[in-house]
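Participant: Residue numbers (my numbering): 284 to 409.
In the DSS-like style, the derived pairs of lysine-lysine whose C-alpha atoms are separated by at most 27 Å in a straight line are:
#, residue 1, residue 2
1, 303, 316
2, 316, 341
3, 341, 303
Ranges between beta-carbon positions, derived for each pair:
#, residue 1, residue 2, range
4, 338, 292, 24 to 30 Å
5, 287, 336, 26 to 32 Å
6, 342, 296, 16 to 22 Å
7, 288, 336, 28 to 34 Å
8, 288, 338, 31 to 37 Å
In short, the hints are calculated from the structure, not lab data.
Each residue gets a CB set at the ideal place from its N, CA and C atoms; glycine is no exception.
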Amino acid sequence: MPAIVNILPAIGEVLDLRDKTLLGLEASSLVRKYPDIPVEYLTSLIQIREDIGRAEAKNIAEEAVNNARYHPKGDQDAQKLFQMSKPGLTSKTGRALPALESTMHNMFATIITTTKGGIQGNNKFL
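Turn these sequences into a full structure, and let the hints steer you where they fit.
Facilitator: Structural data, given as structure tokens:
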């Protein structure tokens, strides 16, 4: 899946950012690259950080998405990925797709902690 390979470094930038005051700018940058990202996913991504509460994460995500509202749609693969993972969407078998929030949280947390610097350092995922 090329979309996941492309989006992981951008997500890593948001999670690895040390300066909390620049988080809004980094979230806006992510939304400019992937304008189809839902507010709920961006909120969850920001909330993974231990220094951000739910309300603050939601405000940052909403502001970033609202600022990018008039930008053209982004990467088609990323758009399909975000559409496919919406809660309540059913597969061809009629079964609901599993909620991806906790799975994505675990996946991103594992990648960030086990490959600290690996995304940029040795281009392991690129």
